[in-house]
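The whole structure should be built from the sequences, with the hints applied where relevant.
Per the working numbering, the very first residue in the sequence shown carries number 149; after that it's consecutive.
Don't take each hint at face value.
[What the hints assert, rightly or not] Pairs of lysine-lysine, BS3-like flavour, derived with a Cα cap of 27 Å:
| hint | residue 1 | residue 2 |
| --- | --- | --- |
| 1 | 249 | 184 |
| 2 | 272 | 184 |
| 3 | 227 | 272 |
| 4 | 272 | 249 |
| 5 | 272 | 213 |
| 6 | 227 | 249 |
| 7 | 249 | 213 |
| 8 | 227 | 213 |
| 9 | 184 | 213 |
| 10 | 227 | 184 |
Hints are computed from structural coordinates only; laboratory data are not their basis.
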Amino acid sequence: MTTDTDLVKLYSGRILALAADIPNVGRLEAPEASVKKRSPLCGSTVTVDVVSEAGRVTELGLDVKACALGQASSAVFGKSAIGTTREQIERGRDQLRAMLKEDGPVPDAPFDGLEALSPARDFKNRHASILLVFEAAAEAMATVESAA
Numbered sequence: 149m150t151t152d153t154d155l156v157k158l159y160s161g162r163i164l165a166l167a168a169d170i171p172n173v174g175r176l177e178a179p180e181a182s183v184k185k186r187s188p189l190c191g192s193t194v195t196v197d198v199v200s201e202a203g204r205v206t207e208l209g210l211d212v213k214a215c216a217l218g219q220a221s222s223a224v225f226g227k228s229a230i231g232t233t234r235e236q237i238e239r240g241r242d243q244l245r246a247m248l249k250e251d252g253p254v255p256d257a258p259f260d261g262l263e264a265l266s267p268a269r270d271f272k273n274r275h276a277s278i279l280l281v282f283e284a285a286a287e288a289m290a291t292v293e294s295a296a
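Structural data, given as structure tokens:
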């Protein structure tokens, strides 16, 4: 059972600072792919627009309407995604999922900033929101690759 104290710890100053500073906010004018994901449990949504070159993200647009945890995850992603490949995004997503659901280690660089979200392990109802940006970005990059 979670207590109010647990929630206060979860929404640490670091998570709130990340949530307030999401880079690459806004939609791209001419994305190669756009994917919107929604968490049915809480209603959080994230839309990811990408442009890529040689299999790497070169432009990123994020439209994030999520709780502070989903926003914090999007902030870490947004700061690190330019220059990444679909494989790196998928590995980050899978490592984040393992960190949250299986008490796995913090994701590797460039997504090691997700360590700030490790307190969310005990809040299973928040996991979907935290994973949204990675799921949308992985799908967007797969869409770009399949169109090539």
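Against the structure, the hints come out as follows:
For the hint linking residue 249 to residue 184, the alpha-carbon distance of about 23 Å falls within 27 Å, and the restraint holds. A distance of roughly 22 Å separates the Cα atoms of residue 272 and residue 184; the hinted pair therefore holds under the 27 Å criterion. For the suggested pair residue 227 and residue 272, the alpha carbons sit about 25 Å apart, so the restraint of at most 27 Å is met. With a CA separation close to 8 Å, the supplied pair residue 272 and residue 249 stays within the 27 Å bound.
At most 27 Å may separate the alpha-carbon atoms for a hinted pair to count; residue 272 and residue 213 meet this at roughly 19 Å. For a cut-off of 27 Å, the pair hint linking residue 227 to residue 249 stands: about 24 Å separates their Cα positions. A C-alpha spacing of about 23 Å is found between residue 249 and residue 213, which places the hinted pair at or below 27 Å, so the restraint holds. Of the pairs offered as hints, the one joining residue 227 and residue 213 holds, with about 18 Å between alpha carbons and a cut-off of 27 Å not exceeded.
Restraint check for residue 184 and residue 213: satisfied, since their Cα atoms lie roughly 11 Å apart, inside the 27 Å limit. Distance check on the hinted pair: residue 227 and residue 184 sit about 19 Å apart at the alpha-carbon level, within 27 Å; holds.
No hint from the list above goes unmet by this structure.
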